[in-house]
Amino acid sequence: MIATQNNPVDVLIIGGGPAGLTAAISVARNVHSAIVFDSQDYRNVRTTHFHMLPTWDGRDPIHFRDAARENTLQNYDTISFEQVEICNVSKANDGLFWATDTKGSVWHGRSLVLATGVIDVMLDIPGFDECWGRSIFHCLFCHGYEQRGSESSGVLAIDDVAPIPFALHVSRNAAQMTEKVTIYTNGNKENAKSLRDSIGSMAPITVDHRKIVKFTLGQKSVGCTLTFEDGTTKDEAFIAHKPKHALKSSGLATQLGCEITAQGDIKASLPFGETTVSGCFAAGDNSSFLKTTPNAINVGSNAAAGVASHVQSRKYGQKSLGEYLRE
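Going by UniProt numbering, the first residue of the sequence shown is number 1, and it counts up by one from there.
Think of the hints as simulated: they come from the structure by calculation, not from any bench.
One thing to keep in mind: the hints can contain errors.
[Said to hold, decoys possible] Quick list of simulated restraints, FRET-style, between CB atoms:
#	residue 1	residue 2	range
1	Y316	P294	50 to 60 Å
2	R148	G317	29 to 39 Å
3	L73	N93	32 to 42 Å
4	V121	H169	15 to 25 Å
5	Y316	K267	47 to 57 Å
6	D60	R148	13 to 23 Å
7	E323	K189	23 to 33 Å
8	V222	F166	48 to 58 Å
9	Y145	T102	21 to 31 Å
10	P294	N71	11 to 21 Å
[As the list claims (entries may be wrong)] Capping the alpha-carbon separation at 16 Å, the derived lysine to aspartate or glutamate pairs in EDC-like fashion look like this:
#	residue 1	residue 2
11	K214	D124
12	K242	D160
13	K214	D160
14	K234	D208
15	K180	D208
16	K214	D129
17	K242	D120
18	K244	E146
19	K242	D159
20	K103	D120
21	K242	D124
22	K244	D159
23	K211	E190
24	K211	D159
25	K211	D124
26	K242	D129
27	K214	E190
28	K189	D124
29	K211	D230
Since the structure is predicted, the reported quantities are computational estimates derived from the model, not experimental observations.
In this text, a Cβ means the ideal position worked out from N, Cα and C, and glycines have one as well.
Please build the complete structure, drawing on both the sequences and the hints.
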């Protein structure tokens with residue numbers, strides 16, 4: 001599908017994960033045209049099975065993406081896919097969005113969906129990267145069930161999980177899977193004391209303030225061994241931790257002038273996920289507190305509804321529903 005300045009598509013969708021795929025099939029249902037740009041660089045690249053998605057629970061996300069693309073192309077002739085990375089975006093005075101890919105091609109659309117996801121920032125501790133996604137989990141709804149019944153698990157109360165409410169929340173999740181849970185504060189004695197004071201006597205949760213010097217992935221990528229500064233070690237069935245994240249294509253949001261939240265996400269208004277740039281919508285992990293596949297699918301469909309409202313209102317010289325809702 002060609003998207004020229006004189007013949008633009010209704011929406012350029014940047015990102016071929018669950019949010020972008022859902023946005024594409026949703027706009028197709030309202031007879032809109034779209035091009036999905038897929039760099040094929042996915043956050044869950046190490047995951048061989050994902051969960052919480054009916055009929056797809058426990059299956060490989062690669063197969064989900066392949067099936068979604070095939071199903072869309074079989075049923076809708078207004079959607080196309082390009083396996084290229086978009087490196088530059090802008091909005092012209094006439095309201096059209098311009099997107100340039102790394103091969104130099106320029107694409108034009110009446111609206112834009114940023115479904116580009118995020119990058120998890122690995123902790124600067126040896127072994128963390130190797131264990132990430134294998135025995136260190138960011139979400140205990142996505143992972144951990146397979147380790148249920150194990151003796152012990154750990155929670156890293158560092159960065160985003162350092163605040164007491166978050167550390168306790170994740171620890172309670174972990175306690176559903178294992179008999180005991182240890183919260184590790186990695187040398188932060190003050191936070192360790194606050195956590196001990198907050199746990200209470202009923203929970204099977206303890207706190208360890210020792211500094212961690214290494215993580216070692218268990219045999220067959222199962223479990224994790226923590227090595228501490230004093231040379232001792234501790235085996236855990238898994239470690240729960242949500243590291244800091246960065247926008248995967250932060251340059252695109254910056255180029256457009258989209259506002260970024262204090263948490264580092266693209267600011268998007270409810271219910272359609274429209275950014276602070278009119279006609280530009282954000283969907284998926286890049287604009288969501290809950291960075292999960294089911295949520296990405298949900299907000300992808302919401303963004304599609306916003307796209308339809310924006311494009312159709314401009315067609316008839318009217319205000320979109322999103323503009324009315326923001327008044």
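Hint-by-hint comparison with the structure:
Here the CB-CB span from Y316 to P294 is close to 34 Å, at odds with the stated 50 to 60 Å. Range check, R148 to G317: Cβ separation about 58 Å, and the 29 to 39 Å hint is violated. Between L73 and N93 the beta carbons are some 34 Å apart, a value that agrees with the proposed interval 32 to 42 Å. The hint said 15 to 25 Å for the Cβ distance between V121 and H169, and at roughly 21 Å that hint holds.
For the hinted restraint 47 to 57 Å between Y316 and K267, the CB-CB distance of approximately 28 Å leaves it violated. In this structure the supplied range 13 to 23 Å holds for D60 paired with R148, their Cβ-Cβ distance being about 21 Å. For the pair E323 and K189, the beta carbons lie near 52 Å from each other, so the given range of 23 to 33 Å is not met. As the Cβ distance of V222 to F166 is approximately 26 Å, the hint placing it in 48 to 58 Å is violated.
Distance hint check for Y145 and T102: the Cβ-Cβ separation is about 39 Å, which falls outside the suggested range of 21 to 31 Å. Between P294 and N71 the CB atoms are about 18 Å apart, so this pair conforms to the stated range of 11 to 21 Å. Between K214 and D124 the alpha-carbon distance is near 10 Å, which keeps this suggested pair within the 16 Å criterion. Between K242 and D160, the direct Cα distance comes to roughly 6 Å. Compliance with the 16 Å bound is thereby established for this hinted pair.
This hinted pair does not check out: K214 and D160 have alpha carbons roughly 20 Å apart, beyond 16 Å. A distance of roughly 11 Å separates the Cα atoms of K234 and D208; the hinted pair therefore holds under the 16 Å criterion. Between K180 and D208 the CA atoms are separated by roughly 13 Å; this keeps the pair inside 16 Å, and the hint holds. Taken as a hint, the K214 and D129 pair is honoured in the structure, with Cα atoms around 11 Å apart against an allowance of 16 Å.
Straight-line distance between C-alpha atoms of K242 and D120 comes to about 8 Å, which keeps the hinted pair within the 16 Å bound. Our distance criterion of 16 Å between C-alpha atoms is broken by K244 and E146, whose separation comes to about 25 Å. Proximity of K242 to D159 is assessed by CA-CA distance (about 8 Å); at most 16 Å being required, the pair is judged to hold. The hinted pair formed by K103 and D120 fails the criterion: a straight-line CA distance of about 27 Å is larger than 16 Å.
Of the pairs offered as hints, the one joining K242 and D124 holds, with about 14 Å between alpha carbons and a cut-off of 16 Å not exceeded. This hinted pair checks out: K244 and D159 have alpha carbons roughly 7 Å apart, not beyond 16 Å. Taking the CA atoms of K211 and E190, the gap is near 13 Å; set against the 16 Å cutoff, the hint holds. With a C-alpha separation of about 14 Å, the suggested pairing of K211 with D159 holds against the 16 Å cut-off.
Simply put, K211 and D124 have alpha-carbon atoms about 13 Å apart, close enough for the 16 Å limit, and the pair holds. For the hint pairing K242 with D129, the CA-to-CA distance comes to about 13 Å; that is within 16 Å, so the pair holds. With a C-alpha separation of about 22 Å, the suggested pairing of K214 with E190 is violated against the 16 Å cut-off. A hinted pair counts as satisfied when its Cα atoms are at most 16 Å apart, and K189 with D124 does not qualify at roughly 19 Å.
Proximity of K211 to D230 is assessed by CA-CA distance (about 8 Å); at most 16 Å being required, the pair is judged to hold.
In this structure, the earlier hints numbered 1, 2, 5, 7, 8, 9, 13, 18, 20, 27 and 28 are contradicted, and the remaining ones agree with it.
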